[in-house]
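Participant: Please model the entire structure based on the sequences and the hints provided.
First residue of the sequence shown: 1, per the numbering used here; consecutive thereafter.
Treat the hints loosely; a few may be bogus.
[Stated by the list, open to error] With a cut-off of at most 20 angstroms between alpha-carbon atoms, the simulated SDA-like pairs for lysine to any residue come out as follows:
1. K433 with V196
2. K694 with P705
3. K433 with P735
4. K54 with K160
5. K54 with V196
6. K54 with P14
7. K707 with R912
8. K160 with R24
9. K694 with E881
10. K433 with P950
11. K163 with A256
12. K707 with T875
13. K433 with P921
14. K433 with R203
15. K694 with L529
16. K707 with E881
17. K163 with H125
18. K163 with F58
19. K160 with H173
20. K451 with G383
21. K433 with S382
22. K707 with E908
23. K451 with V490
24. K163 with R64
25. K160 with F59
26. K694 with A530
27. K160 with E144
28. K160 with H125
[As the list claims (entries may be wrong)] Label pairs and their in silico Cβ distance ranges:
29. E144 with D732: 16 to 24 angstroms
30. A905 with E823: 31 to 39 angstroms
31. Q416 with G271: 50 to 58 angstroms
32. V587 with R539: 18 to 26 angstroms
Simulated from the structure, these hints should not be mistaken for laboratory data. Think of the CB as a built atom: it goes at the ideal place given N, C-alpha and C, for glycine as much as any other residue.
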Amino acid sequence: MEPMPAQSPHHAYPDHWEADVVLRDGGTARVRPITTDDAERLVSFYEQVSDESKYYRFFAPYPRLSARDVHRFTHHDYVDRVGLAVTIGGEFIATVRYDRIDDRGRPASAPADEAEVAFLVQDAHQGRGVASALLEHIAAVARERGIRRFAAEVLPANNKMIKVFRDAGFTQHRSFEDGSVHLTLDLEPTAESLAVQRAREQRAEARSVQRLLAPGSVAVVGVGRTPGGVGRTVLRNLLGSGFTGRTYAVNTSFVAGQGAVDGVPAHRSVGEIGEPVDLAVLAVPADRVPEAVADCGEHGVQGLVVLSAGYAERGAEGRERQRELVRQARSYGMRIIGPNAFGIINTSDAVRLNASLAPESPEAGRIGLFTQSGAIGIALLSGLHRRGAGLSSFISAGNRADVSGNDFLQYSFEDQDTDVALLYLESLGNPRKFTRLARRTGAVKPVVVVKGARHSGTNPPGHAVPVSRIPDATVSALMRQAGVIRVDTVTEMVDVGLLLAGQPLPDGPRVAILGNSESLGLLTYDACLAEGLRPRPPRDLTTAAGPRDFRDALAEALADRTCDGVIVTAIPWVGENGEAETGDGEVLAAALREAAATGPAKPVAVVHVEMGGLAQALAAATGTAAPPAPRPAGPARAPEPPAAETGAGGHGGAQAAATGADAPEPDRPAPRAGRIPAYPAAERAVRALAEAVKYAQWRRQAAAPGKVPEFLDDTIDEPGTAGLIDALLGPDPDPRGRPLTHDESRELLARYGVTVRPALPAPDPEAAVAAAAELGYPVALKTTAPHLRHRADLGGVRLDLVDEDALRRAYDELTDLLGTPAELRPVIQAMAPRGVDTVVRASIDAAAGAVLSFGLAGAPSELLGDIAHRLVPVTDRDAAELIRSIRAAPVLFGWRGSAPADTAALEELLLRVSRLVDDHPEVVSVALEPVVVATHGLSVLGASVRLAPPPPRSDIGPRRLPSY
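Facilitator: Next comes the structure, spelled out in C-alpha cells:
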C-alpha cells in the first residue's frame, strides 16, 4: 500500500462558505461545511436515500454507512478534504465532497491542483437544482484552496449527474473508462458558466416571487376573534378581492371547535389545518413571530408575508430580531416579504390576491409595483387608482429583510401580465446585480425607479450589505446606462408609468402639439425644448374647435411621418353666453380615442385644464388592462431607421437585446390602441414623453450593444501587468493598499498602451535646467505639492518656457511666491500640443464595482459637477456616449469655431483604462489629469494609481442570498 501523504493542518471552520440559496422551484436551502457534529444528520440523511441513488454514488450496493465511513465523511481539513451539505430545517438533503489527488489519482496535498468530487442528493429533492447549486459552491471553495480541476467518475446510467456536469458551462473533457464515464472539469469560470449560473439564478428567484404572489392557499395568522385589527383586515381584504384559493384564519386564542371567522375555517395553528398551506400572512406581535414561523416551517408553508413591526426600525435589538427571523425562515426553505410590510397584491384572474392592508384591490392592469415603504405604497396605489391605472402585482417589502427589488425584477422579466415595472427603492443592496438585472429587464419592458434616501447613504434597516460611497449623481448615471428610467418623485413615476403602459414607444424626439389654447400650446412647446425634445410649432385649433376638429387634427398629426409623438392640449369651450362648457370631456375623449385607434402607432398624451369629464373618460380608457390578444414581438432592428421597436404599440420589439444565456423572451402583449394618459400640467406630460423617448433610444441601442475593440489586445500586456502588480504589492500587501510613485504609475499604464509624459524632478534650478535640456524646450514648470496640484489659478504652473533664462526666472518667481522647493516639489515637463484639458478617472466602489468617469478639467467638473460615469467594462459605444453626455461636450466638437478635438483618441484612452481596471481588480483607483486632447492625438500629463488587494466580487461568485 502506498504511504499516505502528509496532510494539510486542520483549518478553522470556514464560516464564509455558508450561504443561503434559492433552488429551482423557488424554495430556499442552506449550504454549509460538514463538521464533526454532523454524524447523526449524515446517517439519517443516508437512510432516506434510495438504493438506486446509493448505487450510483458508490458503484455497488451500499445499504448503510459504516462507522469508518461516517468518520471519514464528517472529518475534513477544509483544504485537501472538504465536504458541503445542503440543509432544510437543519437536516441534510444533499452532500458533496472533494478529495485532492495527484496525477495518479492518489490522495495528495498542495501543490497538486486536482480533486475528485462526488455528490449525493436525497431522492425527494432531486430535480430542484440542488446538485447544480452545490457544484457552484464546491467549485468556488476548490478555487479558493488552489484546486483548478475536478475529476468525477459517473456510471453511464446516472444521466442526471452527467447532465449536471455537462450543463454547468465549465470547460470539460469526457472519456469512457472501465465501464464508467470519466469527467474532468476546469474550474476557471468561463463566459458560458457565468451565463448558465445567472440564467439559473433568474429562474429560481423569479419562481420564488411567483410562489408568493400566486399561492393556492393562504393562512392569515393573527386573525382577531372580534372585528378590527390587522389580521382581521387582511382576511377581509382577501375575501373582498375574490381570492381563488383556499383561505384559513389562525389564532392560538381560538377556542376548540371555533368553526369559522367571517366564513373562513378557523384553526389554532397552521399544523391544525391538516392541508397544504402555500402562503402565511403573519399579523402577530413581534415576540410571537418565531413561534408562528416554526409552526409554518414545520408544516410545509412556502413563503411568509410578515406585517408585524418591531424589528430593525426599532434599533439594535430589533435588528438582531430581524436577522434571527430571516435565519429561521430560511432554515425551513421559506422566503419572506417584510417584516413591517404593507402586504402583496396579484390582480390576475387566476389568483385575485389582496393579502395587504389596502382597503380595496386595484383594477387588473399591466403595471407591476414594488416599494420599500408602506406609506409610499399607499400613496402610489391611491394615485394609480385615481388615474384609472391597473396593476398586475404589488409588493410592499417593508424592511426588505429578504425579498428585494432585485427579486422583483427577476419576476417582472418573466411575468406575462406586466408591461412596466415601477420600483420605489431606498437603497440598492447589490448595485452590480441591480444594474445587470435592470439592463436585462429593460431590454423588453420599461423599468421606472424612484430612489429615496438619495443623500443619506443608508441601507435598509438590518440589511447586511456593503454601503456604496459613490455620489447620487453617479448612481443616476449608472442607472441610465442600464436603461433604468430614474425619476425624482412618485408623481413622476405614475406619470411615466401611465404613458409607458398605455402607449407605444416613440421612434424619435419629434413632437406635434395641437389644441384649442395658444398659450397652453406655447407652454408645452417650451417644456419640450427644456426636455431636449424637438417640438413642431403648436397648432392652434382656436377655442371654437370641437371634438371633431380635435379628432381630425390628431389623425393628421399621427399620419405625418415627421412626427414621432403628439401632445394634445385642451381647455373648456366657451359657449355663446360666455360661460365655460366643461361637460363635453367624454365626447372629446371618444374623439381622441377614435383618432389614436385608427392612426399609426405613436404615443399620444393629453394636457387638460378644468375639462370636466375628460380626465375621467380618458382614465377609463387608460386603464392598463390586458389587451384581448398578444402581439408577436419581433426582433429589434438596428438604430436606423429609427422606428425600430414600436410596431403596433408594444414594448416587445427589443427582445433581441436580451442576450447570452438569458431565457428566450416570450411574446409581449401590446398596449391597446386609444388608451391615452391625461395630465393636469404641460410639464408633466412632456417629462413623461421625454423619458419614453430616451428609453426607446436606449432600447434601440441595446439591441446592438457595443464591444471592446479587439485591436487593443495587440497593445495590452495583461500577464506582464499582473506580474508587475504582484511585485508592487509584495507578498504581504497592506489591506489599505498603496499609492504608486510617478514612475511606477507610468510603467504600469504603459503596459496598457497609456503613455504618460515624463515629469522630471527639479529640486533646484540646476536640476530644472538639466531636466529641460533632457526633455527639450519649450517646457512647463509645475508644482506637485498636494495643495497646489492642478491649481494653475494659484500660480503653481509656468508654461511655454522657451529657454534656460526663462526657466530660471520662472523658478525664482515660483519659489519666491509659493514656498521652498522642498514644499513645492517642482517638476519639469515638455510642452504638449494645445488642446482641451480633460480628466479621466476610474475607481472601485465596494458595492457598485468599478466606475469610469470623464469630464473637462477644472471648473466644469470640480465646480459644476459636470462629470459622466459608466460601469466597467466599458464598450466602444459606452466610451463614445461618456464623452458626449457631459454638458460641456460641445467644447470638444468645435464650439464657437474652435478646432474639434480628437475624440477618437480620447475614446481609445477610456477603453484602455476600462480594460486595465477590469482585468486587474487590484487597481482600485486611476486618475489621469490633465489629459490634453488636441486636434490630432492627446497627451496624458499627470497620472496617479493606487493598488490594493482586490475587494470581493459578489457578482461572479456562486449564487447566494444576502447574509446576516
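Participant: Against each hint, give a clear statement of whether it holds in the structure.
Facilitator: How the hints compare with the structure:
The suggested pairing of K433 with V196 holds, with an alpha-carbon distance near 15 angstroms, which does not exceed 20 angstroms. With a C-alpha separation of about 16 angstroms, the suggested pair K694 and P705 falls inside the 20 angstroms cut-off, and the hint holds. Distance hint between K433 and P735 is unfulfilled; the C-alpha atoms sit about 25 angstroms from each other, more than 20 angstroms. The suggested pairing of K54 with K160 holds, with an alpha-carbon distance near 14 angstroms, which does not exceed 20 angstroms.
Between the alpha carbons of K54 and V196 the distance comes to roughly 28 angstroms, so the proposed pair goes past 20 angstroms and is violated. Taken as a hint, the K54 and P14 pair is broken in the structure, with Cα atoms around 28 angstroms apart against an allowance of 20 angstroms. Between K707 and R912, the direct Cα distance comes to roughly 13 angstroms. Compliance with the 20 angstroms bound is thereby established for this hinted pair. Distance restraint check for K160 and R24: the Cα-Cα separation of roughly 15 angstroms lies within the 20 angstroms cut-off, and the hinted pair is therefore satisfied.
Of the supplied pair hints, the one linking K694 and E881 holds, its CA atoms being roughly 13 angstroms apart against a limit of 20 angstroms. Restraint check for K433 and P950: the C-alpha separation of about 19 angstroms stays at or below 20 angstroms, so the hint holds. Simply put, K163 and A256 have alpha-carbon atoms about 52 angstroms apart, too far for the 20 angstroms limit, and the pair is violated. Taking the CA atoms of K707 and T875, the gap is about 5 angstroms. The hint holds against a cut of 20 angstroms.
For the given pair, K433 sits about 18 angstroms from P921 by alpha-carbon distance, which is consistent with the 20 angstroms threshold. For a cut-off of 20 angstroms, the pair hint linking K433 to R203 stands: about 15 angstroms separates their Cα positions. Between K694 and L529 the alpha-carbon distance is near 14 angstroms, which keeps this suggested pair within the 20 angstroms criterion. Taken as a hint, the K707 and E881 pair is honoured in the structure, with Cα atoms around 13 angstroms apart against an allowance of 20 angstroms.
Taking the CA atoms of K163 and H125, the gap is about 16 angstroms. The hint holds against a cut of 20 angstroms. Between K163 and F58, the direct Cα distance comes to roughly 18 angstroms. Compliance with the 20 angstroms bound is thereby established for this hinted pair. Annotation: proposed proximity of K160 to H173 holds, straight-line Cα distance about 18 angstroms (limit 20 angstroms). Pair hint K451 plus G383 holds up; C-alpha atoms about 18 angstroms apart against a cutoff of 20 angstroms.
Note on K433 and S382: the hinted pairing is violated, with a Cα-Cα distance of about 31 angstroms set against a maximum of 20 angstroms. With a C-alpha separation of about 12 angstroms, the suggested pairing of K707 with E908 holds against the 20 angstroms cut-off. Restraint check: the Cα-Cα separation between K451 and V490 comes to about 10 angstroms, which is no more than 20 angstroms; the hinted pair holds. A hinted pair counts as satisfied when its Cα atoms are at most 20 angstroms apart, and K163 with R64 does not qualify at roughly 27 angstroms.
For the proposed pair K160 and F59, the alpha carbon gap of about 15 angstroms is at most 20 angstroms, so the pair holds. The suggested pairing of K694 with A530 holds, with an alpha-carbon distance near 14 angstroms, which does not exceed 20 angstroms. At roughly 27 angstroms between alpha-carbon atoms, K160 and E144 are farther apart than 20 angstroms, so this suggested pair is violated. Only pairs whose Cα atoms come within 20 angstroms are accepted, and K160 paired with H125 is accepted, the gap being roughly 13 angstroms.
Between E144 and D732 the Cβ separation comes to about 18 angstroms, which falls inside the hinted range of 16 to 24 angstroms. Taken as a hint, the range 31 to 39 angstroms holds for the pair A905 and E823, whose Cβ atoms sit roughly 36 angstroms apart. Range check, Q416 to G271: about 36 angstroms between beta-carbon atoms, so the 50 to 58 angstroms window is missed. At roughly 20 angstroms, the beta carbons of V587 and R539 sit within the given window of 18 to 26 angstroms.
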